[in-house]
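J.: Could you slot chain B onto chain A? The hints should help.
These protein sequence lines are chains A and B, in that order. For the numbering used here, count along the first sequence from 1 and bump the result up by 74. For the numbering used here, count along the second sequence from 1 and bump the result up by 749.
Keep in mind that a hint or two might mislead.
Claimed, not checked - Lysine-lysine pairs mimicking DSS-like chemistry, simulated, CA-CA at most 27 Å apart:
1) A:110 x A:270
2) B:1080 x A:130
3) A:270 x A:164
4) B:824 x A:130
5) A:164 x B:1080
6) A:130 x A:110
These are calculated hints, taken from the structure and not from any lab test.
Listed below are the residues making up each chain.
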Amino acid sequence: MRTDLAIIADLIKPGARVLDLGCGDGELLAHLQENKHVNGYGLEIDPTNITTCINKGVNVIEQNLDAGLQNFADASFDMVVMTETLQSVKAPDRLLHEMLRIGQQCIVTFPNFAYWRCRAHLALRGRMPVSTHLPHSWYNTPNIHLCTFKDFERLCAEQNLNIIERFMVDAGHSTRPLINRFPNFFGAFAFYRLGKETT
Amino acid sequence: MNPESSASSVGIVSPQRFHHSGDFPLQCGRRLPGFELVYETYGQLNDKASNAILICHALSGNHHAAGYHDSSDRKPGWWDSCIGPGKPIDSDKFFIVSVNNLGGCHGSTGPRTINPQTGTEWGPDFPAVTVKDWVNSQLLLADHLGIDCFAAVVGGSLGGMQAMQWAIDAPARLQAAVLIASAARLSAQNIAFNEIARQAISADPNFAGGHYRQQHRNPDLGLMLARMVGHVTYLSDDGMRQKFGRELKSGDISLGQDVEFQVESYLQYQGRSFSQRFDANTYLLMTRALDYFDPASDFDNSLSAALAQTRCRFCVISFTTDWRFSAARSKEIVDALIRSERNVCSAVIESEHGHDSFLLPIPRYFEVLGGFLNRLHQDYSDAN
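Okay, chain A solo, but in the shape it has when bound:
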């Protein structure tokens, strides 16, 4: 299983109702169905991914995240997951708000644009960063809303989204002590578990 998905799977309780936004080939949901008796749905728009999900017996719904999630009722899921998709949607702020309307909690993962390799790429070569971490060129990238961990946490504060836990990993999805000390410099990817602000 993909390392990042294994990390997310660990954050999900058995029997939870899960909505996976941009579920890709359905790997996470298939794993959760088999191992955690999770009853979930995945939203996806890529035809090849949709077919793969169907072949795996995953509940995949063809739906574009940019068209909104109005068809999902308030508090109808325990967990809403979005893996490395936040940076490619039209309105990440509104989508985050929607995720916490639909789910009790949500898990969001995204690449850190302030990762030291990105900074070095831009500072030393003067060009947009391209690496295994961010593999696309500027002209064909789906990533239209890249941000840093600091940016994301500021948005959470502004929107009253409660960060329940977070952790950062390197480009190989491993945790390192150095990342904990300087997450916005050494962290390549972040996992955030969010809830509604408890006042």
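T.: For chain B alone, kept in the frame of chain A given last:
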């Protein structure tokens, strides 16, 4: 094409008849003194009778879904591209049952059947049938065939509505429902088109109040018009432009002649051939069944409450240019299934062919349908 030599055809098939001799109550309150259903089967029923798929046909369809009746047949059954060895509805894996609906005109009890109480054909006096009645009659056929639980009930358009009704009315009798280019109920626009078709038929002097057969005539013109307007709604604007454009069949506008566009002659041909093979009273019955279909109405108009009765998994497929049963109608079904926490997958297939897409071998459509059924086959094989 030689049907027997093709590896992907079910080959020569023979229709069979199921006779139910008991009284059969209908939703309208009337009763049929027994009935017959004509059906075909493809493939082999396994020992546990767990691999059966029921095919539900659309408005003008019938039981002849695949293969050939005779080696001299020019055309195979109406869904031959989809049913057969190695095809999405794979007759090597599944035992496929395809039935002509009650009220039909291809062999099942309908307006052309003799009413035993009068000794004459039912004609316009045949009772109104509903999608629920079809499900009830098909359940009796399933009993007769020894099928306690279908692996899947599959249908496009009106057939998809039947599959949905199956899932609601007989939740223990199917593992999966496949709803293709379907809707949870007709829109006002849909009903309007059906009403135009009905008016065309009943306004034809040869309709004779539905007693045309006694008078040895047929409302050809009315049926032709009904089919022509229906056919336009099954195609898309783009699809028609690509198929016909403004091509002329005859005449020359610049010479001031009367002209005939290709699309005119095509529609007239489709309409005429339909009027020769379809019964007018059946057409009225079937369109009424379509109009009345509304499973949510039994549950305070809540579709999700209706679908909460179901136990099977669903596959909901729609097509981008279908405006008769648009992708938005399928989405209503999917949303209601999610609200009622049912297992469902959905796909919106890119196609230029409008509502008719569900009858065409579109690669992505067949991948989705075949993938879903193949997964189902694996799951019950593992369970056995």
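J.: All hints, please: hold or fail.
T.: Here is what the structure says about each hint:
Proposed proximity of residue 110 (chain A) and residue 270 (chain A) is supported: the alpha carbons are some 25 Å apart, at most 27 Å. For a cut-off of 27 Å, the pair hint linking residue 1080 (chain B) to residue 130 (chain A) stands: about 22 Å separates their Cα positions. Proximity of residue 270 (chain A) to residue 164 (chain A) is assessed by CA-CA distance (about 22 Å); at most 27 Å being required, the pair is judged to hold. This hinted pair does not check out: residue 824 (chain B) and residue 130 (chain A) have alpha carbons roughly 36 Å apart, beyond 27 Å.
A C-alpha spacing of about 22 Å is found between residue 164 (chain A) and residue 1080 (chain B), which places the hinted pair at or below 27 Å, so the restraint holds. Distance check on the hinted pair: residue 130 (chain A) and residue 110 (chain A) sit about 16 Å apart at the alpha-carbon level, within 27 Å; holds.
The structure fails hint 4 only (numbered hints given earlier).
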